[in-house]
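Novice: Take a look at the letters that make up each chain.
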Amino acid sequence: MSIYLIHLINGLAFGFLLAIIASGLALIFGFMRIVNFAHGAFYMLGAYLAYSIVKISDSFWIALILAPLIIAFLGYLFHKFILTKLSSQEELTFVLVTYGFALVIENFVRMTWGTASYSIDPPLSLSGTFQIFDFAYPLYRIFLILFVLSICLILYWILYHTRWGLQVRAETEDSEMAMALGIRSKLLSIVVFIVGILLAGMAGVLVGPYLSLHHSMGVDILTYAFIVVVIAGMRSFFGTMISGLFVGIVLTIGNIFFPSLSVALVYFIMIMVLIVRPTGLFVFKNS
Amino acid sequence: MNVNTLLQKNKLFLILCLVVIILIMSAIISGSIFWIKFLTEMLITGLFALSIGLLIEYVGLLSFGHALFFGLGGYMLAYLHINSSIPLYINFLLTVVFSFGVGLLIGWLCSRLKGIQFAVATLAFAQLAWTLAVKLRSITNGEDGMPVTFSAYPFLNDPPIFLCIVAMIVVFSFFFLCRLVQSPFGYLLRGIKDNQMRVPFMGFSVTYSKTMIFAISGVFATISGVLQVVLRQFISPDALFWSTSGTGVVMVIMGGVGSLIGPLIGAGVFMFIQDWLSSYTDNWMIFIGILLILVMMFEPKGLIGVIQKGIDRFCTQFRLKDKGKNVQGRRE
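In order, the protein sequence lines correspond to chains Y and F. At position 108 of the first sequence the residue is numbered 107 (numbering that gives the first Met the number 0), and the sequence of numbers has no breaks. At position 51 of the second sequence the residue is numbered 50 (numbering that gives the first Met the number 0), and the sequence of numbers has no breaks.
Just so you know, not all the hints are guaranteed correct.
As the list claims (entries may be wrong) - For lysine-lysine, the following PhoX-like pairs were computed, each having C-alpha atoms within a straight-line distance of at most 25 Å:
(1) F:Lys10 - Y:Lys84
(2) F:Lys192 - F:Lys113
(3) F:Lys308 - F:Lys10
(4) F:Lys308 - Y:Lys84
(5) Y:Lys79 - Y:Lys185
(6) F:Lys308 - Y:Lys79
(7) F:Lys300 - F:Lys10
(8) F:Lys36 - F:Lys192
(9) Y:Lys84 - Y:Lys185
No lab work stands behind these hints, which were simulated from the structure alone.
Assemble the whole structure, with the sequences as input and the hints as a guide.
Specialist: Dropping the structure here:
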């Protein structure tokens with residue numbers, strides 16, 4: 000029976016990762032109506048940057064702090080010099096610009112680091128194992144789960160217990176009303192965008208010791224992140240979290256029992272959601 | 000309707016015919032197999048971009064999943080050709096009919112979705128197809144891809160003849176779509192793009208229209224997939240990956256949104272860039288990304304927009320000169 004617990008924990012690890020990435024995506028879309036096709040690319044860049052930082056400094060913790068900051072700064076530059084300078088503010092425009100930027104980042108990564116696969120070693124303090132029943136479970140994955148969980152809790156606290164969070168939620172739920180009330184200042188837009196990108200970059204750093212880095216990881220994770228956001232509905236932060244966990248667990252456990260078709264199962268779930276409740280499972284109002 | 004009005008109404012189409020004929024003749028006369036095949040591939044890609052552009056320009060739907068139809072066309076034709084003795088023409092028809100059915104199903108499922116949800120949903124469907132193609136090795140040979148030969152049909156292997164066949168198919172498809180967007184159905188679609196909420200009040204079904212046009216667009220993408228597999232004699236899951244759809248969207252945007260000829264121009268330009276840059280670096284897509292960003296920042300209407308502005312400026316110069324001469328002037 001305990002083997003299922005192990006699978007569940009594996010699923011949680013991947014699920015939390017997916018949840019944090021999808022949440023960044025949902026945050027950016029909910030607040031700014033920008034579908035960030037470059038989200039996976041930021042994630043990938045974060046991972047590769049972490050790899051190089053670890054190689055130079057030999058410390059995972061420095062990479063964990065430094066790489067997301069660099070990624071967030073890149074996101075800030077992207078926002079300031081490209082996104083705000085667009086002549087039209089339609090959704091389609093943002094899709095294409097972020098897609099173009101994703102191409103730029105992904106090819107840049109390929110040019111700089113090549114197409115080989117890399118892996119990052121977890122820091123010494125976390126490279127041991129933890130006894131769960133009769134299994135030696137990698138300590139790093141436990142750390143991953145706990146770390147992402149605490150980030151989620153911090154985000155939850157900000158969103159639901161601060162004034163800024165209130166403004167973000169208001170804008171996400173009903174942007175016209177929020178604008179009429181004077182919400183969505185430029186500063187808040189930039190902050191939300193940077194936070195979303197930061198989350199993606201951080202997820203990239205965290206994934207290094209857990210899964211390996213490969214040159215299509217940006218595209219792979221983005222596809223799953225999109226599915227999570229479609230299932231959850233593109234506006235709900237909390238729903239994205241839950242859906243991310245759910246998809247992660249389904250994928251991991253499905254991989255054990257139906258290795259070829261676990262992905263198909265996730266798509267099937269998405270199709271079911273599209274038929275039954277196209278706006279998403281966690282969207283409750285009629286806007 | 001006499002010949003004059005017929006010519007006037009279909010100006011765009013005739014210009015296209017002319018350009019295509021010139022290109023074909025120059026390629027064939029030059030005798031270079033490379034250019035003939037390049038032109039063939041350009042036309043096929045143009046058809047693919049056209050199918051995507053149709054949805055974006057006239058219905059306002061962004062589909063990131065057309066690679067599904069493209070790959071479906073290629074895989075189904077290849078599979079039927081290898082594993083059965085059905086003649087090629089029937090295979091082609093079967094593939095088209097099947098893809099129309101798939102298009103109806105997916106179009107119907109996604110018809111309730113708007114904007115970006117639609118894009119993401121179509122993307123996910125294409126990825127589902129890609130996953131199936133990679134995992135079901137017994138049918139599709141997985142990542143290794145399937146080579147196909149059409150030795151029973153020698154005219155398909157003769158580059159100039161195949162080029163003419165492809166050109167005829169593409170030109171005919173373009174004509175069909177030109178007439179479609181100018182038909183009452185086409186105007187209904189434009190109405191849906193402009194104000195979807197009003198359309199049901201006029202007695203039309205939005206769901207039916209969206210589903211139908213999605214399926215039609217899918218059929219043309221399938222045709223381009225079929226032609227591609229005949230040209231390359233090979234199909235692999237890459238054809239289904241969403242970067243294929245993304246590339247198609249890029250071509251449409253680069254060429255210009257607003258008419259049917261934009262995607263074709265975009266496809267041509269894209270293929271030239273690809274050919275030119277890929278000899279320098281494997282990562283030439285980075286330039287496509289930069290170009291895409293620049294286009295969206297400065298000229299969202301794409302190359303057509305640039306050409307249009309150039310023509311406008313040219314004409315305005317003439318009018319200015321006229322205004323100077325005419326004392327009475329003309330009210331513009």
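Novice: All the hints need checking, so say for each whether the structure fits it.
Specialist: Outcome of the hint check:
For the hint linking Lys10 of chain F to Lys84 of chain Y, the alpha-carbon distance of about 37 Å lies beyond 25 Å, and the restraint is violated. A C-alpha spacing of about 11 Å is found between Lys192 of chain F and Lys113 of chain F, which places the hinted pair at or below 25 Å, so the restraint holds. Under the criterion of a C-alpha separation no larger than 25 Å, the hint pairing Lys308 of chain F with Lys10 of chain F is consistent with the structure, at around 19 Å. Between Lys308 of chain F and Lys84 of chain Y, the direct Cα distance comes to roughly 21 Å. Compliance with the 25 Å bound is thereby established for this hinted pair.
Distance check on the hinted pair: Lys79 of chain Y and Lys185 of chain Y sit about 11 Å apart at the alpha-carbon level, within 25 Å; holds. Distance check on the hinted pair: Lys308 of chain F and Lys79 of chain Y sit about 28 Å apart at the alpha-carbon level, beyond 25 Å; violated. Proximity of Lys300 of chain F to Lys10 of chain F is assessed by CA-CA distance (about 21 Å); at most 25 Å being required, the pair is judged to hold. Taking the CA atoms of Lys36 of chain F and Lys192 of chain F, the gap is near 37 Å; set against the 25 Å cutoff, the hint is violated.
At roughly 14 Å between alpha-carbon atoms, Lys84 of chain Y and Lys185 of chain Y fall within 25 Å of each other, so this suggested pair holds.
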